[in-house]
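Protein chains in written order, with the numbering used here: chain B, 1 to 238; chain V, 1 to 238.
These are calculated hints, taken from the structure and not from any lab test. Quick reminder that beta carbons are idealized off the backbone N, C-alpha and C, glycines included. Hints may contain errors.
To be verified - On the chain V side, residues computed to face chain B include the following (Cβ under 7 Å): (1) P22; (2) L110; (3) W113; (4) N203; (5) L224; (6) L230.
Stated by the list, open to error - Listed next, the stretches of chain V that the computed footprint assigns to chain B, with coverage defined by at least 3 CB atoms under 8 Å from CB atoms of chain B: (7) 67–81; (8) 208–218.
There are 2 protein chains.
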Amino acid sequence: MILISEIFGPTVQGEGALIGVPTVFVRTGGCDFRCNWCDTLYAVEPSFKQQWQAMTASQIMAQVQELSGGMPLLVTLSGGNPALQPLGELLQLGQQQGYRFAIETQGSKLQPWFAQLDYLTLSPKPPSSGMPFDPARLQACLQAAGEQTEVQLKLVIADETDYQWAREVAQKFPEVPLSLQPCNLQAATPDQPEQEADLTQLNAQYRWLVERAGSDRWFDARILPQLHVLVWNNERGV
Amino acid sequence: MILISEIFGPTVQGEGALIGVPTVFVRTGGCDFRCNWCDTLYAVEPSFKQQWQAMTASQIMAQVQELSGGMPLLVTLSGGNPALQPLGELLQLGQQQGYRFAIETQGSKLQPWFAQLDYLTLSPKPPSSGMPFDPARLQACLQAAGEQTEVQLKLVIADETDYQWAREVAQKFPEVPLSLQPCNLQAATPDQPEQEADLTQLNAQYRWLVERAGSDRWFDARILPQLHVLVWNNERGV
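Construct all of the structure, not just a fragment, from the sequences and the given hints.
Right under this line is the structure:
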């Protein structure tokens with residue numbers, strides 16, 4: 001059984017190399033991390049467990065098919081940390097029906113079914129998250145990807161310390177396409193579900209990141225905002 | 001000699017499949033079109049000719065090198081319509097120095113040097129532009145791309161008529177990756193250089209486009225805003 005926090009869409013992927021691609025999100029419940037600025041605490045904090053549903057692969061695909069009107073599209077597995085769940089059967093079943101699968105995970109845990117994925121986005125957490133980073137574990141995740149799996153790194157940047165860390169990560173993994181993403185420090189939280197993201201601040205941080213990378217002549221990292229936050233702010237289910 | 005309106009950067013590409021990629025823009029002067037909602041009239045209207053500069057390929061590359069500190073990156077050729085200019089020598093010179101080249105053109109005119117490009121973005125204009133669309137000409141442009149040239153279509157959508165037109169274009173060219181882009185109806189113009197884009201309206205139009213394509217189960221087109229407008233509004237030189 002797979003622990004599910006929410007399934008929604010079709011909408012568009014708001015982050016990373018697949019930005020703007022139509023997708024249905026399958027968000028799993030449960031995480032081995034607790035980032036300082038987590039924007040999906042309802043899929044992370046154990047206190048929300050009663051809102052998560054244990055589902056089978058075919059129950060999940062039935063819901064994805066209903067949302068997509070049976071027309072295959074990209075399914076994005078997110079969390080929490082979806083790499084904690086047994087997703088091999090879901091991938092097999094969905095791919096048989098023509099769906100493609102992307103996962104978003106921090107790279108703290110690897111699974112043999114990473115090789116079945118169409119897209120693997122590894123998003124190791126920067127110092128500002130308060131979480132540890134283990135390059136050897138990230139390397140193992142990269143190696144677990146299959147021949148046909150498109151891999152990317154996505155690094156969230158809240159400040160100069162995070163930026164310098166990202167430079168080091170990029171130097172350690174020069175062969176992996178990478179995108180940098182400004183950190184939303186005003187995500188909605190269970191305590192403050194109506195919290196609005198500060199778009200002025202987010203835009204200023206995006207511009208800072210473009211200038212910062214430019215001043216280092218760091219031209220092989222893409223710089224992308226959280227598109228869904230610019231368009232829908234902190235709204236859930238989009 | 002190449003007619004140049006402006007050269008600026010490094011910044012990021014704000015549109016299409018290369019969104020977020022660091023780049024220097026080389027904007028040529030002169031256009032065979034005059035779209036109703038053109039956002040770069042200063043590179044289109046003949047009355048701005050005295051602001052355009054005739055430059056050689058090596059003069060242009062000298063300026064690109066200065067802006068990029070000699071570190072190769074993506075150079076984006078835009079306009080006006082850059083396909084009106086003799087750019088073959090520029091491509092050869094820049095690529096020898098390690099730079100990659102993308103062009104943004106409406107597909108009304110093709111050039112043999114299209115085959116030298118790293119990226120060819122064809123942006124045929126929708127009905128709301130007031131300009132004609134010739135599918136045969138677009139097909140010829142696609143055929144002019146080389147084996148190594150990555151091709152994409154980028155279609156601007158202002159309304160339902162444009163949307164239906166885009167559906168037809170997509171059906172005619174199913175093999176070409178495509179992105180849809182909401183139209184900025186409040187671009188700055190020479191008469192109103194301080195005009196601000198209406199971000200609330202642009203976001204509403206983006207959301208409409210996501211819903212519209214979703215309701216048709218049209219999942220193989222990316223939907224992307226003009227990122228630079230969301231981040232820098234109508235500012236020039238970013």
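Evaluation of the provided hints:
1. P22: holds (4 Å)
2. L110: violated (27 Å)
3. W113: Given a least distance of 23 Å, the restraint on V:W113 is violated.
4. N203: Since chain B brings a Cβ to about 5 Å from V:N203, closer than 7 Å, the hint holds.
5. L224: At 4 Å from the nearest chain B Cβ, V:L224 passes the 7 Å test, so the hint holds.
6. L230: Because about 5 Å separates V:L230 from the closest Cβ in chain B, which is inside the 7 Å limit, the hint holds.
7. 67–81: That given contact holds, which follows from 6 residues of the segment 67–81 of chain V lying within Cβ reach (below 8 Å) of chain B.
8. 208–218: Holds, because 5 residues of the segment 208–218 of chain V bring their Cβ atoms closer than 8 Å to Cβ atoms of chain B.
Of the numbered hints listed earlier, those contradicted by the structure are 2, 3.
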